[in-house]
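*Asks:* Position one of the sequence shown corresponds to residue 13 (our numbering), numbered consecutively onward.
If you're looking for bench data, these hints aren't it; they were derived computationally from the structure. It cannot be assumed that every hint is accurate.
[Stated by the list, open to error] DMTMM-like, lysine to aspartate or glutamate: derived pairs with alpha carbons at most 20 Å apart: (1) Lys-83 - Asp-56; (2) Lys-83 - Asp-47; (3) Lys-83 - Glu-130; (4) Lys-83 - Glu-145; (5) Lys-83 - Glu-31; (6) Lys-111 - Asp-56; (7) Lys-83 - Glu-23; (8) Lys-111 - Asp-47; (9) Lys-83 - Glu-48; (10) Lys-111 - Asp-22; (11) Lys-83 - Glu-29.
[Said to hold, decoys possible] With beta-carbon atoms standing in for the labels, derived distance ranges: (12) Arg-119 - Pro-95: 28 to 38 Å; (13) Thr-14 - Gly-96: 13 to 23 Å; (14) Asp-134 - Glu-23: 27 to 37 Å; (15) Thr-28 - Asp-134: 29 to 39 Å; (16) Glu-23 - Glu-131: 17 to 27 Å; (17) Gln-68 - Gly-133: 16 to 26 Å; (18) Asp-134 - Pro-71: 19 to 29 Å; (19) Gln-140 - His-32: 31 to 41 Å; (20) Asp-134 - Ala-53: 27 to 37 Å; (21) Gly-133 - Arg-49: 30 to 40 Å; (22) Gly-133 - Asp-69: 15 to 25 Å; (23) Glu-130 - Lys-83: 26 to 36 Å; (24) Arg-116 - Ser-40: 17 to 27 Å.
Ideal Cβ placement from N, Cα and C applies to all residues, glycine included.
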Amino acid sequence: MTYRVLVVEDEIFVATEIEHVVEEMGFSPAGIAADERSALALADQTDIALVDLNLQDGPTGMRIGRALAQKHGVTVLFMTANPGQLGNGVPGTLGVMAKPVTDRDLRAAVAYAVARHEEDGDAIPPGQLRLFEPPECNNCAAG
13 MTYRVLVVED EIFVATEIEH VVEEMGFSPA GIAADERSAL ALADQTDIAL VDLNLQDGPT
73 GMRIGRALAQ KHGVTVLFMT ANPGQLGNGV PGTLGVMAKP VTDRDLRAAV AYAVARHEED
133 GDAIPPGQLR LFEPPECNNC AAG
């Protein structure tokens, strides 16, 4: 299966670099969204989302991530320069990586998100990723 990855990021150069890495990994881009409206419009075409917190329409990333995970079944990974804004996390989402992120770290995080999307409970998270919930309970809050 080819996974569709949505990049929710308002800095176009950052977003296109992330999208390029995702494509190099063999995944299909679902698109780039710079705000909540655009991100949610692409939700049904998305398997995995990489979500920044502060976007063109303000600090809507947390709300976007929650909606993508809980309402659309998307595997969500936050990537932000402000990981502290997420506190203890967002139920139903995987975790957060602090930006800037190297291509190597991004590849490891996307590979982990794919494994978790496939419900691989043995997947080992990369060290740079702070998980919000234990892997066996990731979807507990999403119901």
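*Asks:* Against each hint, give a clear statement of whether it holds in the structure.
*Replies:* Results of checking the hints against the structure:
| no. | hint | result |
| --- | --- | --- |
| 1 | Lys-83 - Asp-56 | holds (10 Å) |
| 2 | Lys-83 - Asp-47 | holds (18 Å) |
| 3 | Lys-83 - Glu-130 | holds (18 Å) |
| 4 | Lys-83 - Glu-145 | holds (18 Å) |
| 5 | Lys-83 - Glu-31 | violated (24 Å) |
| 6 | Lys-111 - Asp-56 | violated (27 Å) |
| 7 | Lys-83 - Glu-23 | violated (26 Å) |
| 8 | Lys-111 - Asp-47 | holds (18 Å) |
| 9 | Lys-83 - Glu-48 | holds (14 Å) |
| 10 | Lys-111 - Asp-22 | holds (14 Å) |
| 11 | Lys-83 - Glu-29 | violated (28 Å) |
| 12 | Arg-119 - Pro-95: 28 to 38 Å | violated (19 Å) |
| 13 | Thr-14 - Gly-96: 13 to 23 Å | violated (35 Å) |
| 14 | Asp-134 - Glu-23: 27 to 37 Å | holds (35 Å) |
| 15 | Thr-28 - Asp-134: 29 to 39 Å | holds (33 Å) |
| 16 | Glu-23 - Glu-131: 17 to 27 Å | violated (32 Å) |
| 17 | Gln-68 - Gly-133: 16 to 26 Å | violated (37 Å) |
| 18 | Asp-134 - Pro-71: 19 to 29 Å | violated (35 Å) |
| 19 | Gln-140 - His-32: 31 to 41 Å | violated (19 Å) |
| 20 | Asp-134 - Ala-53: 27 to 37 Å | holds (35 Å) |
| 21 | Gly-133 - Arg-49: 30 to 40 Å | holds (35 Å) |
| 22 | Gly-133 - Asp-69: 15 to 25 Å | violated (36 Å) |
| 23 | Glu-130 - Lys-83: 26 to 36 Å | violated (21 Å) |
| 24 | Arg-116 - Ser-40: 17 to 27 Å | holds (21 Å) |
Hints 5, 6, 7, 11, 12, 13, 16, 17, 18, 19, 22, 23, counting from the list given before, are not met by this structure.
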